[in-house]
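Undergrad: If you want the building blocks of each chain, they are given just below.
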Amino acid sequence: MKLKKKQLDNIQGWLFITPPLIVFSVFIFIPMGVAFFISLQKWNLLSPMKFIGLANYIKMFSSDHFWNSVMVSLLYAAGTVPVTVLLGLVIAIMLNQDLHGVSFYRIMIYLPVITSMAAAAIVFQYLFEPNIGFFNYVLSIFHLPPMQWLNDRHQALIAVIIVGIWKRVGYNAIIFLAGLQAIPRYYYEAATIDGASKFQMVRSITIPLLSSVTFFVTVMQIIASLKVFTSIVVMTEGGPARGTDVLPYFLYKNAFQYHKMGYASTAAIFLFTIIFIFTLLQFKYGEKRVHYQ
Amino acid sequence: MSNLKNKFRLPSLGMRLILEFILLLFVIIINVPFFWMISTSFKFAPEVLAYPPKLFPSRLNFDGYKYIWTLVPFARYFINTLFVSLSIALSKIVLASLAAYSFAKIPFKGKNTVFYIFLGTMMIPMEVIIIPNYITLTKIGWLDTYWALIVPFVVGAFSIFLLRQFFMQIPRDLDDAAVLDGCGRLRYLFTIIYPLSKPALLTVGLYAFLASWNSFLWPLIVTNSDKMRVIQIALKALQDSWMIDWTSLTAASSIATVPIIILFFFVQKQFLEGIAITGLKG
Amino acid sequence: MKRATAILMVFMIFMGTLVWGAGNTEEGVQITELTEPVTIQIWYSLGAKYSAPLEVIIDKFNSMQDMITVEGVYQGGYATTQEKLLAAYVAGEPPVLAQLEQSLVGAFVANDALIPLDSFIKADKEFNVKDFNKYITQGATYNKKLYGLPINVSTPVLYLNRDLFRKAGLDPDQYPTTWDEAYDIAKKISDLGSDIYGLRIYNSGWIIDSLFHQFGGKIFNKDNTKCLINSKEIKDAMAFWKKMVDDGIAIYQGGKDGSTMDASGVVGMVMRSTGSIAWFKDNVTFDWGVAPFTLGKTKAVSLGGGNVYMIKKTSPEQQFAAWEFLQYLTNTENQVYWSTNTGYMVSRKSAKESSKIQEILKNDPRYSVTYDQLKDAFARPTVEAWPEIEDLIQEAMTRIILEGASVDILDQTASDIDELL
Numbered sequence: 001m002k003l004k005k006k007q008l009d010n011i012q013g014w015l016f017i018t019p020p021l022i023v024f025s026v027f028i029f030i031p032m033g034v035a036f037f038i039s040l041q042k043w044n045l046l047s048p049m050k051f052i053g054l055a056n057y058i059k060m061f062s063s064d065h066f067w068n069s070v071m072v073s074l075l076y077a078a079g080t081v082p083v084t085v086l087l088g089l090v091i092a093i094m095l096n097q098d099l100h101g102v103s104f105y106r107i108m109i110y111l112p113v114i115t116s117m118a119a120a121a122i123v124f125q126y127l128f129e130p131n132i133g134f135f136n137y138v139l140s141i142f143h144l145p146p147m148q149w150l151n152d153r154h155q156a157l158i159a160v161i162i163v164g165i166w167k168r169v170g171y172n173a174i175i176f177l178a179g180l181q182a183i184p185r186y187y188y189e190a191a192t193i194d195g196a197s198k199f200q201m202v203r204s205i206t207i208p209l210l211s212s213v214t215f216f217v218t219v220m221q222i223i224a225s226l227k228v229f230t231s232i233v234v235m236t237e238g239g240p241a242r243g244t245d246v247l248p249y250f251l252y253k254n255a256f257q258y259h260k261m262g263y264a265s266t267a268a269i270f271l272f273t274i275i276f277i278f279t280l281l282q283f284k285y286g287e288k289r290v291h292y293q
Numbered sequence: 001m002s003n004l005k006n007k008f009r010l011p012s013l014g015m016r017l018i019l020e021f022i023l024l025l026f027v028i029i030i031n032v033p034f035f036w037m038i039s040t041s042f043k044f045a046p047e048v049l050a051y052p053p054k055l056f057p058s059r060l061n062f063d064g065y066k067y068i069w070t071l072v073p074f075a076r077y078f079i080n081t082l083f084v085s086l087s088i089a090l091s092k093i094v095l096a097s098l099a100a101y102s103f104a105k106i107p108f109k110g111k112n113t114v115f116y117i118f119l120g121t122m123m124i125p126m127e128v129i130i131i132p133n134y135i136t137l138t139k140i141g142w143l144d145t146y147w148a149l150i151v152p153f154v155v156g157a158f159s160i161f162l163l164r165q166f167f168m169q170i171p172r173d174l175d176d177a178a179v180l181d182g183c184g185r186l187r188y189l190f191t192i193i194y195p196l197s198k199p200a201l202l203t204v205g206l207y208a209f210l211a212s213w214n215s216f217l218w219p220l221i222v223t224n225s226d227k228m229r230v231i232q233i234a235l236k237a238l239q240d241s242w243m244i245d246w247t248s249l250t251a252a253s254s255i256a257t258v259p260i261i262i263l264f265f266f267v268q269k270q271f272l273e274g275i276a277i278t279g280l281k282g
Numbered sequence: 001m002k003r004a005t006a007i008l009m010v011f012m013i014f015m016g017t018l019v020w021g022a023g024n025t026e027e028g029v030q031i032t033e034l035t036e037p038v039t040i041q042i043w044y045s046l047g048a049k050y051s052a053p054l055e056v057i058i059d060k061f062n063s064m065q066d067m068i069t070v071e072g073v074y075q076g077g078y079a080t081t082q083e084k085l086l087a088a089y090v091a092g093e094p095p096v097l098a099q100l101e102q103s104l105v106g107a108f109v110a111n112d113a114l115i116p117l118d119s120f121i122k123a124d125k126e127f128n129v130k131d132f133n134k135y136i137t138q139g140a141t142y143n144k145k146l147y148g149l150p151i152n153v154s155t156p157v158l159y160l161n162r163d164l165f166r167k168a169g170l171d172p173d174q175y176p177t178t179w180d181e182a183y184d185i186a187k188k189i190s191d192l193g194s195d196i197y198g199l200r201i202y203n204s205g206w207i208i209d210s211l212f213h214q215f216g217g218k219i220f221n222k223d224n225t226k227c228l229i230n231s232k233e234i235k236d237a238m239a240f241w242k243k244m245v246d247d248g249i250a251i252y253q254g255g256k257d258g259s260t261m262d263a264s265g266v267v268g269m270v271m272r273s274t275g276s277i278a279w280f281k282d283n284v285t286f287d288w289g290v291a292p293f294t295l296g297k298t299k300a301v302s303l304g305g306g307n308v309y310m311i312k313k314t315s316p317e318q319q320f321a322a323w324e325f326l327q328y329l330t331n332t333e334n335q336v337y338w339s340t341n342t343g344y345m346v347s348r349k350s351a352k353e354s355s356k357i358q359e360i361l362k363n364d365p366r367y368s369v370t371y372d373q374l375k376d377a378f379a380r381p382t383v384e385a386w387p388e389i390e391d392l393i394q395e396a397m398t399r400i401i402l403e404g405a406s407v408d409i410l411d412q413t414a415s416d417i418d419e420l421l
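Chains as they are written, first to last, in this note's numbering: chain A, 1 to 293; chain B, 1 to 282; chain C, 1 to 421.
Each hint should be verified, as a subset may be incorrect.
[Stated by the list, open to error] Only pairs whose alpha carbons sit at most 20 Å apart, straight line, appear in this in silico PhoX-like list of lysine-lysine: (1) C/K242 x C/K232; (2) C/K226 x B/K139; (3) C/K218 x C/K232; (4) C/K218 x C/K313; (5) C/K375 x C/K349; (6) C/K349 x C/K125; (7) B/K109 x A/K6; (8) C/K134 x C/K349; (9) C/K167 x C/K188; (10) A/K59 x A/K42; (11) B/K66 x C/K356; (12) A/K4 x B/K111; (13) C/K299 x C/K222; (14) C/K134 x C/K144; (15) C/K352 x C/K130; (16) C/K281 x C/K188; (17) B/K269 x B/K198; (18) B/K269 x A/K50; (19) C/K144 x C/K242; (20) A/K4 x B/K109; (21) B/K111 x A/K6; (22) C/K313 x B/K139; (23) C/K313 x C/K134; (24) C/K235 x C/K299; (25) B/K111 x A/K5; (26) C/K49 x C/K312; (27) C/K352 x C/K122; (28) C/K130 x C/K218; (29) C/K281 x C/K134; (30) C/K243 x C/K226; (31) C/K243 x C/K232; (32) A/K5 x B/K109; (33) B/K139 x A/K42.
If you are wondering where the hints come from, they were derived from the structure by calculation, not from laboratory data.
Isolated chain A (complex conformation) (with noise of 0.2 Å):
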C-alpha cells in the first residue's frame, strides 16, 4: 500500500529531526524542569531531599554574597562588552582596507578565540604574577608602579577582564567585516559622486547598514561575558575576596564545593533567566533589524 505523500512527507520529517528531539529533551528541556525543581529543595547529595518551597529564593536574593556576584558579573560585562565591541569594530574596519596580508591578519586576530581558555589562564596567571610576571615588567619600563594583579580584589577583576577582552576580541572583529563587506559598494560610490565626505558616508552609510550585525555581536558579548566561568575557576577561583565571583562560579561553587544543591538551582535559574531575556531581545530585535535592510 503507497502511503500518500503528504503522510510519508510528516513521517519522514519527524523521523529525521527525531534524535535531536531526543537529546534535547533529554539533556536540555527535561533538566531545565528538573532544575526548578531543585531549587525548591535542599539537598547536599549525600541525605536525601526536603522539600523547602521558596526558601532558597528568599536566601539568595536576602544574601550579601548573592549580590556580590550579581555586582561582579556585571562589572566584567560593563569591562568587556564595550570595549570587545568597539575594538572589534575598529579592526574590522582596518581590515577593510585595501592593505598587504589582510588575511594573515585575520588569522593572528583569530587565535585566541580558538585558544583553550584554560591554557590560555595558566599563561596569563604567569603574566600577571605581581613579582616575576611580564606584565609588571612592562609596566616598570614606562616608570609605572607594579600592580597587584590577582592578588588584589579589585585588579583581579580587571585581570580577568583583559583576559576576557583577548579572548573574544577577534571573534566581534570577523563578524564586523563580513558585515563591512556585505554593503555593497555602489552606495559608497553614489555617496562618493554626490561630493560625501569620508565620515559623512561612514556615518550615513556604514554605521546604519552595520546596525544589525553590531546589535548581534554585542548581545552575544553580553551572553558570553555573564557566562565567563573558566577563566575564573583556573585564574582566581572567585577571589581574592569574591573580588571575582562571577555568577556561573557562585553556581559552581555552591553546587560542587559547598554541596548545596538546591541552592545552587536557584542561583542557576536567576542565571538563566537574564541570559534568556538577553537571547530573546537578540531573536525579536536582531531579526527586524535586517529585514530593514
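With chain A held as given, fit chains B and C onto it using these hints.
TA: Below, chains B and C alone, put in the same frame as chain A:
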C-alpha cells in the same frame, strides 16, 4: 564573499603604512601570551622565576614535556579529547544535516513550531542545566564514561540552523528533478546535497570539533577518573597543585593549544567564512 | 505542547522518587583472602614531582604479586579531589582508597562514608598500629576510631631566606621564637628594599588555624558547635598582621598561590609545609633554612597534609585489596623511601629510627624541624561545611588586612559560620 569586497581606496601611502603598522602592532600584542607559553615551557626553573623576565631560555629544558608525557598520562588525555571531539563532529554533521534537510525541504506538520523550540535550546546556557544533567548521568550510570561526554552533544541547534540556511539555498528545481527521478529522500541527501554542501558541512564539523576540544565545564563535572579525563581538565588538575611548576604547566598548555592552531591554519579560510555567515544571518 | 508538559511532570516525579530512594549502603563482609584478581584505585592530590615516589611504590606493589592491581589517579588539588570523591561516592562508584586533606573529610565523616580501619588492624596480626606516632594519627581519628593512615602529613615550618638575613646584618641561624622577634627580624629585612618583605603570610586554612592558635584563639569551640573567631585574641592577631602589612614589613597575598614569590627570593621568612622542602630544593637558588614555626604564647602548629582513607560503597574484595596495599604503602621501608624523596615526615617510630632517616636528619637538619615540633601539633577540626567556612574566614582576613576593614567584621563572619554549623 570575495566579489563583494568593499574596500576604501586610501589616498595616501602614508595612511596605509600607518594602518599596517597599527595592525601589526596589535597582532603582536595579542599573540604575546602564545610566545610566553612556548618560551616558558622550555625554561629551567631559575629562568622561569627570573626578573626581568627572560625572553628566551638560554638552555633548552625538556623536563616539562617529559614529565607531561610520562608521569602525567597526557597521551591518554590527548586521545580521549581527540576521540570525543571527532565523534561529536562527525555525529553533528550527520544528524544535524538530517534535521536541517527536513526543515529545509520536507513539508510536515508542526515544522515551524518544532524549529522554534529547537532554536530555543540555544537560549538555555549549560550552566543552568548542569546540575540536573549531572544527576541524570549519575542515575543512568553514565557518569565518567564516554557516553556522558559525547551523547548530549551528538547534535546541536546551531549546527541544524547553519545547515538549514545553507540547504534552503539549494534551488527547488533540483529537488523537483530528483523527485521526478524517483530518488528517495535519503539518497538525495547523501548523494546530491552533501557534495554540494561541502563548505557548510565542513564548517559545522570544524566548529563542533573545536567547541568540543575546548569545552571545560561539562567534562569537569561529568568525569572524575583519569581514564576519562580530557586535556582541558588535565590542565586544571596540573595547575591545581599548591606548588606551581610553570615549566610543565606551560608545556601542557602548549600541547593543548598548538595542534589546534596548526589545524586552524589549514582550515582557516573555510572556518572564518563559516563564522561570518552566522553573524550575517543573525 | 500539553503532552510534553505531562511527560515532563511524570519525569520530574520519577526523578524525585529515585532520589528519595537514594539510601545507605550495606557494609560488606570482611573477607580473608582473594579468589580472583582485583583492581583498585587510589585517588591522590599530590602533584608535580610528588606523585613520582607514590607511583613507584604502587608499581612495586603491583609487580610483587598478581592478585591485586593498584591504579594511582591524580585528581588535582585537595579541594578538587574531595569534590570528585564526593561526586563518585554519590554516583555509587567511588575508589576504595583516597588521599584526603585532613580538614576536608568533614562531609565524609558526617555522612558515614568512611570505613574505620580498626577491624582490619585487629585481623592483621603483623600490623602494629602502635608503631605510628600518635601525634600524627590523631589527625585521622574521629570518635576514637582510626579511619586513615598518614601519607603526607606535615606541619608548617618557617622557611628562612638566609641570604636576606645576612644582607640585613642578621645571623641566619637565629630564628624567631616569638611573634615580636619575628616582627623585628622581618622589619630589618624589609628595610633592604621596597620590594623585599620580611615575612609572607597567607590565608590557607591550616596556616590560619596555626596562626590563630599561636595568638591564643581557636576557630571552633570544643565540640564544633560555635565559631570563636571573633574572640579578642583573634581580633588582636588580625590587627597585628595588618600592621605588619601596612608597615611594609610583611606581605599578604589575596591570590591563589605564593610559591612563585617564595622562590623568587624577595621574602625573608614564610611558613609552609615541611613537604615543600623537596620543591625548594628544585626551584630555589638562594641559601635557605628551616626553623620551627612555634611562635606565640601558645606553641601550636596544625597538622596538615593528607591521610589515606578507605571509602564505603565498595566491595569486600576491593576493601581487602585496599587494606593489603594500605599497609604496604605505610610500612617502614616505604615510609623511608617516601620521606627521603619528598621531605614529608615518616609516621612510624621504626621508620624514624631507621638508619636512612637518621642519616638524613643528621646531614640535613632542615628535615628534623617538623619532628621536633610534633609535640605541639594539633589536629584540625572536622566539620562538614568546612569549604564554605574556610572561604568566609579567608574573605574576612583579606578584607581586614588588604582593604582596611575593621576587625569587627569578624563578628558577622562568626555568626555566618554559626549558621552553617
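Undergrad: Now tell me, hint by hint, if it's right for this structure.
TA: Taking the hints in turn, this is what the structure says about them:
For the suggested pair C/K242 and C/K232, the alpha carbons sit about 15 Å apart, so the restraint of at most 20 Å is met. Between C/K226 and B/K139 the CA atoms are separated by roughly 37 Å; this puts the pair beyond 20 Å, and the hint is violated. A threshold of 20 Å between alpha carbons decides the hint, and for C/K218 with C/K232 the separation of about 11 Å falls inside it, so the pair holds. Restraint check for C/K218 and C/K313: the C-alpha separation of about 35 Å exceeds 20 Å, so the hint is violated.
Pair hint C/K375 plus C/K349 holds up; C-alpha atoms about 14 Å apart against a cutoff of 20 Å. Between C/K349 and C/K125 the CA atoms are separated by roughly 18 Å; this keeps the pair inside 20 Å, and the hint holds. Using a Cα cut-off of 20 Å, the hinted pair B/K109 and A/K6 holds, with the two alpha carbons roughly 9 Å apart. About 10 Å separates the Cα atoms of C/K134 and C/K349, which keeps this hinted pair within 20 Å; it holds.
As the CA atoms of C/K167 and C/K188 are separated by approximately 10 Å, the hinted pair is consistent with the 20 Å bound. Of the pairs offered as hints, the one joining A/K59 and A/K42 holds, with about 12 Å between alpha carbons and a cut-off of 20 Å not exceeded. As the CA atoms of B/K66 and C/K356 are separated by approximately 30 Å, the hinted pair breaks the 20 Å bound. Of the pairs offered as hints, the one joining A/K4 and B/K111 holds, with about 18 Å between alpha carbons and a cut-off of 20 Å not exceeded.
Taking the CA atoms of C/K299 and C/K222, the gap is about 18 Å. The hint holds against a cut of 20 Å. Restraint check: the Cα-Cα separation between C/K134 and C/K144 comes to about 12 Å, which is no more than 20 Å; the hinted pair holds. Proposed proximity of C/K352 and C/K130 is supported: the alpha carbons are some 14 Å apart, at most 20 Å. With a C-alpha separation of about 26 Å, the suggested pairing of C/K281 with C/K188 is violated against the 20 Å cut-off.
A hinted pair counts as satisfied when its Cα atoms are at most 20 Å apart, and B/K269 with B/K198 qualifies at roughly 14 Å. A hinted pair counts as satisfied when its Cα atoms are at most 20 Å apart, and B/K269 with A/K50 does not qualify at roughly 54 Å. For the hint linking C/K144 to C/K242, the alpha-carbon distance of about 39 Å lies beyond 20 Å, and the restraint is violated. Restraint check: the Cα-Cα separation between A/K4 and B/K109 comes to about 14 Å, which is no more than 20 Å; the hinted pair holds.
Annotation: proposed proximity of B/K111 to A/K6 holds, straight-line Cα distance about 13 Å (limit 20 Å). With a CA separation close to 15 Å, the supplied pair C/K313 and B/K139 stays within the 20 Å bound. For the hint pairing C/K313 with C/K134, the CA-to-CA distance comes to about 29 Å; that exceeds 20 Å, so the pair is violated. Taking the CA atoms of C/K235 and C/K299, the gap is near 19 Å; set against the 20 Å cutoff, the hint holds.
Proximity of B/K111 to A/K5 is assessed by CA-CA distance (about 16 Å); at most 20 Å being required, the pair is judged to hold. A C-alpha spacing of about 30 Å is found between C/K49 and C/K312, which places the hinted pair above 20 Å, so the restraint is violated. Using a Cα cut-off of 20 Å, the hinted pair C/K352 and C/K122 is violated, with the two alpha carbons roughly 24 Å apart. For the proposed pair C/K130 and C/K218, the alpha carbon gap of about 30 Å is over 20 Å, so the pair is violated.
The straight-line distance between the Cα atoms of C/K281 and C/K134 is roughly 29 Å, outside the 20 Å bound, and the hint therefore fails. With a C-alpha separation of about 28 Å, the suggested pair C/K243 and C/K226 falls outside the 20 Å cut-off, and the hint is violated. This hinted pair checks out: C/K243 and C/K232 have alpha carbons roughly 16 Å apart, not beyond 20 Å. Of the pairs offered as hints, the one joining A/K5 and B/K109 holds, with about 13 Å between alpha carbons and a cut-off of 20 Å not exceeded.
The suggested pairing of B/K139 with A/K42 holds, with an alpha-carbon distance near 19 Å, which does not exceed 20 Å.
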